[in-house]
Amino acid sequence: MVQATETVKLLLGIGEPLIGRLLTYDALGMRFREVKLRRDPKCPLCGEHPSITDLSIHRGGAEACAVSDNGHAAPAAAPAATPRG
Amino acid sequence: MKTLKEMLAEARQVVPEQGPAELKKRIDAGEPLVLIDVRDPDEYRDGFIEPATNISRGFLEFRIGAAAADPTTPIVLYCQSGLRSMLASKVLKDLGYQNVTNLQGGFQKWAQSGLPVAKDRPMNAEQIQRYSRHFLLPQVGEKGQRKLLRSKVLLIGAGGLGSPTAVYLAAAGVGTIGLMDGDVVDVSNLQRQILHTTASVGRPKVDSGTETIRALNPDVNVIPLPMRIDVDNVMDIIKDYDLVVDGSDNFDTRYLVNDACYLAGKTNVHGSIFQFEGMATVLAPNQGPCYRCLYPTPPPPGLVPS
Numbered sequence: 001m002v003q004a005t006e007t008v009k010l011l012l013g014i015g016e017p018l019i020g021r022l023l024t025y026d027a028l029g030m031r032f033r034e035v036k037l038r039r040d041p042k043c044p045l046c047g048e049h050p051s052i053t054d055l056s057i058h059r060g061g062a063e064a065c066a067v068s069d070n071g072h073a074a075p076a077a078a079p080a081a082t083p084r085g
Numbered sequence: 001m002k003t004l005k006e007m008l009a010e011a012r013q014v015v016p017e018q019g020p021a022e023l024k025k026r027i028d029a030g031e032p033l034v035l036i037d038v039r040d041p042d043e044y045r046d047g048f049i050e051p052a053t054n055i056s057r058g059f060l061e062f063r064i065g066a067a068a069a070d071p072t073t074p075i076v077l078y079c080q081s082g083l084r085s086m087l088a089s090k091v092l093k094d095l096g097y098q099n100v101t102n103l104q105g106g107f108q109k110w111a112q113s114g115l116p117v118a119k120d121r122p123m124n125a126e127q128i129q130r131y132s133r134h135f136l137l138p139q140v141g142e143k144g145q146r147k148l149l150r151s152k153v154l155l156i157g158a159g160g161l162g163s164p165t166a167v168y169l170a171a172a173g174v175g176t177i178g179l180m181d182g183d184v185v186d187v188s189n190l191q192r193q194i195l196h197t198t199a200s201v202g203r204p205k206v207d208s209g210t211e212t213i214r215a216l217n218p219d220v221n222v223i224p225l226p227m228r229i230d231v232d233n234v235m236d237i238i239k240d241y242d243l244v245v246d247g248s249d250n251f252d253t254r255y256l257v258n259d260a261c262y263l264a265g266k267t268n269v270h271g272s273i274f275q276f277e278g279m280a281t282v283l284a285p286n287q288g289p290c291y292r293c294l295y296p297t298p299p300p301p302g303l304v305p306s
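As given, the protein sequences belong to chains S and V, one line each in that order.
Note that the first sequence covers residues 1 to 85 in the working numbering.
Note that the second sequence covers residues 1 to 306 in the working numbering.
There's no promise every hint is true.
As the list claims (entries may be wrong) - Pairs of lysine-lysine residues, derived as DSS-like cross-links and limited to a Cα-Cα distance of at most 27 Å, are as follows:
(1) V:Lys143 with S:Lys9
(2) S:Lys9 with V:Lys152
(3) V:Lys93 with V:Lys24
(4) S:Lys36 with V:Lys266
(5) V:Lys93 with S:Lys9
(6) S:Lys9 with V:Lys266
(7) V:Lys25 with S:Lys9
(8) S:Lys9 with V:Lys24
(9) S:Lys9 with V:Lys239
(10) V:Lys266 with S:Lys42
Claimed, not checked - Using C-beta positions, here's what the derived DEER-type ranges look like:
(11) V:Asn124 with S:Glu48: 23 to 31 Å
(12) S:Phe32 with V:Gln13: 52 to 60 Å
(13) S:Asp26 with V:Arg133: 30 to 38 Å
(14) S:Glu48 with V:Ala66: 36 to 44 Å
(15) S:Glu34 with V:Pro41: 36 to 44 Å
(16) S:Leu28 with V:Met235: 33 to 41 Å
(17) S:Ser56 with V:Lys143: 39 to 47 Å
(18) V:Val117 with S:Asp26: 41 to 49 Å
(19) S:Ser56 with V:Leu83: 50 to 58 Å
To be verified - Not the full set, but computed from the structure, chain V residues with beta-carbon under 7 Å of chain S:
(20) Val91
(21) Leu169
(22) Ala171
(23) Leu256
(24) Gly278
(25) Val282
(26) Pro289
The set of hints was computed from the structure by calculation and includes no laboratory data.
Don't be surprised by glycine CBs; every beta carbon is placed ideally from N, CA and C.
Let the hints inform the model, and build the full structure from the sequences given.
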């Protein structure tokens, strides 16, 4: 529902999309929470000095998606919960 | 008496002009400009520049207030060749609009430069009824509905997250939906994956999803993509879509979709869910963080169930 609504808003260019905000939903407690997100200037993809400029990191072994440690832990803005599948 | 030439020369003194390439840059940068096509409705229907509103020259003074309430709003006007809109721009200047630009060479030059042209097919009676509740919403309206019908969305995953998204987008009349999933329907999927039915157990999810969507809304052109997204196909697939919805169920795919969308400049509507918890965000290249800003490294294998 949230993804569909955001999609329609973005396609129409209306409202305030969830850019820079993470919306979390806890069905048992029936609580929505919003976490502000910031861009990481050290991000290996979209940061100031990107080390990922193509998809070659995804070729090869099982750890393809893991980037080499870029010297910092999860940013302060990251929520305590880990995204799960 | 003034000649046409003199009137145009006078208008050019006060109205700046911009070429198609410059206008395209401003649109792509997301500048909140109001683009107005001042040609007649039949000319507009044959092809226009997205996201223009059509206000024919004769109605401009009457309708401009609804399109741009604030006199400082950046406005760009165009017509077929750039002359009618030059005179129209002068009128807006006279009305007090401070930031009016004329598209030099008009629609003709835009199209000749190979820039994208949008085209509306008239809606049939059934579509007018089907979307009538959208027309009542001022933020959507008939213009918004046409835009949805022209839109192309790629859904990665036709499972727990992709199912409701696909159903809602199809119902809303998103014109093209790429449905990508390499799995077949299992009976254990049915308690949550509402795109599939008991009769489709054992069949590819994209086949069952395509049937559900077509039955719900025949306006939607479904493109079934019965495969997993991978490093070799991702760029070629996402290039055809306006927007990507990530409803995948594993970290490798999420990082891959994130990286590909960022590199291709596509907005990624991200979602994930586990048991009773869910989360969603929009990852828009250069407008906000990407998935790697949130989660620089994936969790070690085995720590998190997928």
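How the hints compare with the structure:
1. V:Lys143 with S:Lys9: Holds: V:Lys143 and S:Lys9 sit about 14 Å apart, inside 27 Å.
2. S:Lys9 with V:Lys152: 14 Å, holds
3. V:Lys93 with V:Lys24: 23 Å, holds
4. S:Lys36 with V:Lys266: 21 Å, holds
5. V:Lys93 with S:Lys9: 32 Å, violated
6. S:Lys9 with V:Lys266: OK: S:Lys9 and V:Lys266 at ~15 Å, within 27 Å.
7. V:Lys25 with S:Lys9: It holds: about 22 Å lies between the C-alpha atoms, which stays within 27 Å.
8. S:Lys9 with V:Lys24: 22 Å, holds
9. S:Lys9 with V:Lys239: 20 Å, holds
10. V:Lys266 with S:Lys42: 21 Å, holds
11. V:Asn124 with S:Glu48: 23 to 31 Å: About 51 Å separates the Cβ atoms of V:Asn124 and S:Glu48, which means 23 to 31 Å is violated.
12. S:Phe32 with V:Gln13: 52 to 60 Å: With Cβ atoms ~55 Å apart, the hint holds.
13. S:Asp26 with V:Arg133: 30 to 38 Å: 31 Å, holds
14. S:Glu48 with V:Ala66: 36 to 44 Å: 43 Å, holds
15. S:Glu34 with V:Pro41: 36 to 44 Å: 43 Å, holds
16. S:Leu28 with V:Met235: 33 to 41 Å: Check passed, 40 Å falls within 33 to 41 Å.
17. S:Ser56 with V:Lys143: 39 to 47 Å: This hint holds: roughly 42 Å between Cβ atoms.
18. V:Val117 with S:Asp26: 41 to 49 Å: 46 Å, holds
19. S:Ser56 with V:Leu83: 50 to 58 Å: Holds, at about 51 Å.
20. Val91: 26 Å, violated
21. Leu169: Check passed: Cβ of V:Leu169 comes within 6 Å of chain S, closer than 7 Å.
22. Ala171: Where the cut-off is 7 Å and the nearest Cβ of chain S is about 9 Å from V:Ala171, the hint is violated.
23. Leu256: 5 Å, holds
24. Gly278: 4 Å, holds
25. Val282: Result: holds, 4 Å to nearest chain S Cβ.
26. Pro289: Nearest chain S Cβ about 5 Å off; hint holds.
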